[in-house]
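In order, the protein sequence lines correspond to chains W and R. The opening residue of the first sequence carries number 1 in my numbering; numbering runs sequentially from there. The opening residue of the second sequence carries number 312 in my numbering; numbering runs sequentially from there.
It cannot be assumed that every hint is accurate.
[To be verified] Some but not every residue of chain W turned toward chain R, in silico, with C-beta under 10 Å:
(1) G12
(2) E45
(3) G46
(4) L78
(5) L81
(6) L82
(7) Q91
(8) L101
(9) L111
(10) P128
(11) D185
(12) L267
(13) N270
(14) P272
(15) V277
(16) I285
[What the hints assert, rightly or not] Quick partial rundown of chain R residues pointing at chain W, CB under 7 Å, derived from the structure:
(17) L462
(18) A622
(19) V623
(20) P626
(21) Y646
[What the hints assert, rightly or not] Counterexamples of contact, computed for chain R against chain W with all Cβ distances above 10 Å:
(22) I317
(23) I343
(24) R344
(25) Y527
For the record, the hints were derived by calculation from the structure and aren't laboratory data. Glycine is no exception: its CB is placed at the ideal position from the N, C-alpha and C atoms.
Residue strings, one per chain:
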Amino acid sequence: MLDFIDQGILIGVVATGIRLATPYLLAALGEMLSQRAGVFNLGLEGIMLMGAFAGFYLTFVSQSPMLGLLAAILVGALMGLLMAFVSVTLQAEQGISGIGLSMLGWGLSGLFFRLYVDGIQTIAGLKPWKLPFLSEIPLLGMMFFNHNVIVYFAFLLVPLFWFVLFRTTWGLSVRAVGMTPQAVDTLGVSVTGIRYQCLIIGGMMAGLAGATLTVANTHMFADNITAGRGFIAIALVYFGRWSPWGILAGSLLFSMADSFQLWVQVLGINFPYELAVMLPYMVTIIALMVSYGRVWPPAALGKPYERGVRG
Amino acid sequence: MRGRTIIVLMMALLGALLIGAVFILLAKSDPIRAYQVMLTGPFSSSFGITEVLVRTTPLLLTGLGIIISFRSGVLNIGGEGQILVGAIASAGIALTFPSLPMLILFPLVLLSGAIAGGIWGGIAGVLKAKLNVNEILSTVMLNQIAAQLYLLLIRGILIDPQEVTYGTGVPQTALVPQAVWMTRLIPGARFNTGFIMALVLAGLVYYLLMHTTVGYRLRAVGAGPAAARYAGINVPFYMSLSMVLAGALAGLAGTVEVLGVHHRALEDISSGYGFSAIVAALFGRLHPIGIIPASILFGALILGADMMQRAVSIPAAIVLVIQGFVILFVVASDYFIRRPELLNRWRSRWFRRSEEVS
Chain W
1 MLDFIDQGIL
11 IGVVATGIRL
21 ATPYLLAALG
31 EMLSQRAGVF
41 NLGLEGIMLM
51 GAFAGFYLTF
61 VSQSPMLGLL
71 AAILVGALMG
81 LLMAFVSVTL
91 QAEQGISGIG
101 LSMLGWGLSG
111 LFFRLYVDGI
121 QTIAGLKPWK
131 LPFLSEIPLL
141 GMMFFNHNVI
151 VYFAFLLVPL
161 FWFVLFRTTW
171 GLSVRAVGMT
181 PQAVDTLGVS
191 VTGIRYQCLI
201 IGGMMAGLAG
211 ATLTVANTHM
221 FADNITAGRG
231 FIAIALVYFG
241 RWSPWGILAG
251 SLLFSMADSF
261 QLWVQVLGIN
271 FPYELAVMLP
281 YMVTIIALMV
291 SYGRVWPPAA
301 LGKPYERGVR
311 G
Chain R
312 MRGRTIIVLM
322 MALLGALLIG
332 AVFILLAKSD
342 PIRAYQVMLT
352 GPFSSSFGIT
362 EVLVRTTPLL
372 LTGLGIIISF
382 RSGVLNIGGE
392 GQILVGAIAS
402 AGIALTFPSL
412 PMLILFPLVL
422 LSGAIAGGIW
432 GGIAGVLKAK
442 LNVNEILSTV
452 MLNQIAAQLY
462 LLLIRGILID
472 PQEVTYGTGV
482 PQTALVPQAV
492 WMTRLIPGAR
502 FNTGFIMALV
512 LAGLVYYLLM
522 HTTVGYRLRA
532 VGAGPAAARY
542 AGINVPFYMS
552 LSMVLAGALA
562 GLAGTVEVLG
572 VHHRALEDIS
582 SGYGFSAIVA
592 ALFGRLHPIG
602 IIPASILFGA
612 LILGADMMQR
622 AVSIPAAIVL
632 VIQGFVILFV
642 VASDYFIRRP
652 ELLNRWRSRW
662 FRRSEEVS
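Next up, chain R with everything else stripped away, as it sits in the complex (with noise of 0.2 Å):
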C-alpha cells in the first residue's frame, strides 16, 4: 500500500513535469536544458542546498498548520493571509518594544505571530462552526483582507524611518532589534534556527494528531462530523481549534520570515507560500512527517524555479502550473488508490488487445 501511494505521487509529479515541458517547448526553449537546471540547480551547491531550506521552512510550518485543518475537515486556503498578519505582528512588537531584554522580547515576538495568525485562521473557523460559512471562501478574502491591511501597515505607521527621512519610501519597516534575530547557522547563508523550529514542530504535531485525544478528535471530526457528534464531540470547538492552529502555525512561518530571513516586514515577503504548503501537505499526503521531504521538494522546485528563469528565461510562473496539475492529479490519483482493481482490470483489458493484435 505504501510503496503504490509513493509510486503514485511520484507519477503524479512526473505528469506535471511533462505537461510544463510542453508548455517549455511552447515557449522555444529546451526542456531538457531548463529541467536540468532547475532540478539539479538548487543542489549543485552548499549555497544552493542552504536557500532550499530557507524556502522549506515557511512550506514545512504553515503546510503543517494545513494538515491540521484539512484532517479536521476544515479546508484552510488562507495560509498566505496568515503569513501576513505572523509576519506584521511579529514586526510590529519587535519593534515597539525594542528595549526588552531578549529572554522576554524573543519570545514575546514568537507568541504576537503566532496569535495574530491564530486570530486570523480562528476567524474563518469560528464562521464555519457557529454560522456554516464556507471556510474556502471566508479564508480566500481573509487573505485578500490580510495583503490589503499588511500593506496599509508597511506603507503607513510602521514604515521605517529612514525611508521617509530619504523620501525613497520603499514600503518596508525598520530592521528588527538585532536581538530577536534567529540565528544563522551557516556563515553567509540564510538558513538560520527557524528550520530546526518547523522540524521540532512537525514533531509536536505528529504527536498531537496521532497521540492525543485532542488529536483522535479533531480527526473525527474530520472523518465525519455527524459521528462525531454522537460520540459526544464538541464538533464547533474543535472545527475551531483547528484553525487558530492551523493559523498560528502559519504565522509562525512569516515570524521565521521575518527574524531569520529579512530582519523587517517587506513587500511581497510570502510570495505564494501560503499556497505552495497546500501543495506540500497534499504531496505529503496529509501526514505531518510525510509533508518534511514533501516541503524540501516543493521548496527546490521553488528555488529550481527562480534559477530556470535566469538561465534560460523561463518564467518562474511555471512553478505555478506545475503545482496545480501536481493538485490536481494527486486528488485524482487517489480514484486509482482507493481502486486497486480498477489498474488490474485496465492492464489486462490492454494485455488482452495486444494479444489479439499479435
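Here chain W stands alone, though its shape is the one from the complex (with noise of 0.2 Å):
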C-alpha cells in the first residue's frame, strides 16, 4: 500500500506527533479557557515548569506517576491562584506580571530541583496503555490508541471543553465576562469568580502540561525543560481563534512538525541540529502572522474589570 515509505517511520511520526501535542493541547486549552474570561496569563511558562518539576519530583519520590500528576495540577492550581490575585484582585498590567510570573517558575522550578535532585536522575513514568480492540486494529491502531493515559485525557477535553464553553450556563458566563463584563455584573454574576475559576482551571491544565513533558514523555527534569512551549501554546489560543477545535488543528500542526525534525534526527539526515531546533519558533511566527485580520479576541481581554468605570 505504502511502498515508498516505511511503514514504521510513519507510524513512528505520526504516532510521536499525538503524543508531543499533548503538553500544547493541555496548556492551550487552560489559556483558552482564562483568555476567554478575559485575562491574558503570560505566566503559562512558569506554571509548566512548575508543573513539570511537581510532576517528576513525586514520581521520583514516590515511584507513583499519578501522584506526580496529581501534584502538578495542584501546583498549578496555586499558580494559578497567585496569577489570579494580582492580575484580578490588585488589576496588575496582565503582560508584565505573566513576565514575573514565568520569571519566579523557573527559578523555583531550577531552585528546588538542584535543592532536591541534582544531577541527572530518570524515573520509571508512565506506561503506554493499549486500548482493548482498538490498537488492533492495523495501522491506526499503533498510530492512536497505543499512548499513555494523559494523551487520552487531553484529546477527549477538546469536545468537553466545546461543551462547556458553549452549552452551558457557566460557560456563557465566561464567555460574557470576556466580552462584557459590566452586563455580567448587572445580572449579578461574580465577575472576579468566574475569573478566580478560569485561572485556577487554566493552571492546572497548565501544570499539568508541564508533568506530561517530564513525567510522560522525557521520564526525567533538566532546568528550563518547557523552552518556551508555555508561549507557543498561547501563540496557538491565538492561531486557534479561541476555539477548542482550532486549539486541536494548531496543537497538531504543531507536534507534527515537532515530530518529522525529530524523525529526521533519529533515521541520521544530515541536517544541522540548531536549525531544527529553531523550526518550531519560526512556525510560531509565521502562525501568529497568518492570524492577522482574523483574529477577534474576547473584547474585554487584558482590562482589569473595576466596578462603576466605564470599559
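Using the supplied hints, reconstruct the complex from the two chains, each of which is provided in its own coordinate frame.
Right, dumping it as C-alpha cells:
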C-alpha cells in the first residue's frame, strides 16, 4: 500500500506527533479558558515549569506517576491562584505580571531541582496503555490507540471544553465576562469569581501540561525543560481563534512538525541540529503572522474590571 | 509622591527577599548568614565593586532599551536574543576584518552590534505594528531562535581554529583583535569603558524620551495609540522605531560583553541579563535615570547570589525567584500607588479594630 515510505517510520512520525501534541493541547485549552474570561495569562511558561518539576519530583520520591500528576495539578492551581490575585484582585498589568510569574516558575523549579534532586535522575514514568480492540486495527491502532493515559485525556478534553463553553450556563458566563463584564456584573454574576475559576482551572491544565513533559515524555527534569512551550501554547490560542477545535488543529500541526524534526534527527538525515530546534519557533512566528486579520479576541481581554468604571 | 514610590519599591524588594528567606530555610540553611553574604559580599572588596559594575553594564544598556519599548507600549522581552545577536555580530565583524585600522574597526564593531540587535528587535516591532503580532510571544520566539543561531555560529563557522586544531572543541570564537578591546579602567579587574558608555547612553535616552519630539511621540504612542493616531502620529512607525532602538541598545550590551569582558563570543555569554534587565527597568519605574541605581542594585544581587552559592551552597537560581517576586510585587503595588486612599482606609480600619479590642 505505502511502499514508497517505510510503514514503521510513518507510524512513528504520527504516533510521536500525537504524543507531543498533549502538552500544547492541555496548556492551550486552559489558556483559552482564561482568555475567554478576559485574562491574558502570560505566566503559562512558569506554571508549566513548576508542574514539570512537581510531577517529576513526586514521581521520583513516591514511584507513583499518578501522584506526580496530581501534585502538578495542585501546584498549577496554586500558581493560577497567584496570577488571579495579582491580575484580577490587584488589577496589575497582565503582560508584566505574566513575565514575573514566568521568571518565578523558572527560578523556583531550577532552585528546587538543585536543592532536592541535583544531577540527572530518571523516573519510571507513565506506560502506554493499549486500548483494547482499537489498538488491534492495523496502522491506525499503533498511531492513535497506543499512548499513555494523559494523551487520551487531553484529546477528550477538546469536545468537553467545547460543550462546557458553548452549551452550559457557566460557559456562557465565562464568555460574557470576557466580552462585557459590566453586563454580567449587573446580572449578579461575579466577574471576579468567574475569572478566578478560569485562571485556576487554566493553571491546573498548565501544571498537568508541564508534568506531561517530565512524567510521560522524557522521564527526567532539566532546567528550563519547557523551552518556550508555554509561550507557543499561548500563540496556539490566537492561531486557534479561541476555539477548542482550532486549538486542536494548531496543536497537531505543531506537534507533527516537531515529530518530523525529531525523526529527521533519529534517521540521521544530515541537517544542522540547531536549525531543526529553531523550526517550531519560526513556525510559531509564521502562525502568528497568518492569524492577522482573522483575530477577534474577547473584547475585554487584558482589561482589569473595576466596578463603576466604564470599560 | 516620589517618597512614597521609593518606599513602595523598597517594600516590594523586602517582600521578595523575605519570601526568598523562606526558601533558604527550606534548604536547611541560615537565611541571615546567606543574605549577609549575598548583600554585603559584593561590596566588601574593591574587586567586588568592579565586578558589580561589570554586571551592571549589560543590565543598564538592555534596560534602557526595555524602557524605550515599554514606554512606547511595546512589552519587549526579547533582550536576551538581542544581546546574543549583538555579541555574535560584533565578534564576527572583528574577526573578519582584523587588519583594519583601529579607528575604523572599533566604530564598525560597535555599529554592527547595534545594527544586529536593532534588526532583531525591529522584526518584533514591525510584526506588531503591521500585522498585530503579539510582541511578547514574538520576542520569546526570537530569543529561542537567536540562542540556536548563536550556538550554530560559535560551534560552526566562527569557532576558534585552535579549538579545532587541539581537538578540544569548546564552542567559542577566537579572541577578537586587541585593537578593539575596551580599555580596562582598573588594573587586574574586568571593569571597562563599557560602563561609561552605558552611563552616557542613559543620559542620551533621557534626553531623547523627555526633551525631543521623537521621544514625545514614542511616549504618546505608549500612552494611547488611538489618541496618538488622531493627533497625526504615525503609530506603526514609532512602534517599530521603539523596538529598533531597544534592540540596538541590547545589541550594544552584547558588544560590550565581547569587547570589554570576555574578548570573544562564548557559550552562556548573556546568562539571563535580558530578563534581569526587565526587572531593573521596572524597578527604576521605567525612567532612564532611575534605572541606573536599579541596575547597580540588581547587578549586585546577581553577583551576591553567585557568592552565596559558593559560601553557603544555596543555588544561585534563587536570584531568579527573588526577581520574579519583585516584578509581581512592583506591578501589584501600582494598585496602591494609584489609590493612596486605600491604604488610609485600611489603616483606619485596623485602628478601629485595635480600639475595639482594647
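Chain W versus R344 of chain R - minimum CB to CB distance exceeding 10 Å, so not interface: Label holds. Min Cβ-Cβ 17 Å, cutoff 10 Å.
Are I285 of chain W and chain R close enough, Cβ to Cβ, to be under 10 Å, as the hint says? Given a least distance of 5 Å, the restraint on I285 of chain W holds.
Hint check, L462 of chain R versus chain W [nearest Cβ-Cβ separation less than 7 Å]: For L462 of chain R, the interface hint holds, since the closest Cβ of chain W sits about 5 Å away, which is under 7 Å.
Residue hint L78 of chain W, partner chain R, criterion CB-CB below 10 Å: violated (14 Å)
Reported absence of Y527 of chain R from the contact zone with chain W (all CB gaps over 10 Å): holds (22 Å)
The hint names D185 of chain W as touching chain R; please verify it with the least Cβ-Cβ distance against 10 Å. violated (19 Å)
Would the hint on L82 of chain W stand, with a C-beta cut-off of 10 Å toward chain R? Status holds, d = 8 Å.
With d taken as the least Cβ-Cβ distance between I317 of chain R and chain W, does d exceed 10 Å? Fine: 20 Å to the nearest Cβ keeps I317 of chain R off the interface.
Should the hint that Q91 of chain W touches chain R count as held when the rule is a Cβ pair under 10 Å? Since chain R brings a Cβ to about 6 Å from Q91 of chain W, closer than 10 Å, the hint holds.
Can you verify the interface hint for L111 of chain W: is its Cβ closer than 10 Å to any Cβ in chain R? holds (4 Å)
Please check whether the beta-carbon of I343 of chain R is more than 10 Å away from every beta-carbon in chain W. It holds; I343 of chain R is separated from chain W by about 19 Å at its closest Cβ, greater than 10 Å.
Under the criterion of a CB-CB separation shorter than 10 Å, is V277 of chain W in contact with chain R as hinted? holds (5 Å)
When the structure is compared with the earlier hints, violations turn up for hints 1, 4, 5, 10, 11, 12, 13, 18 and 19 and for no others.
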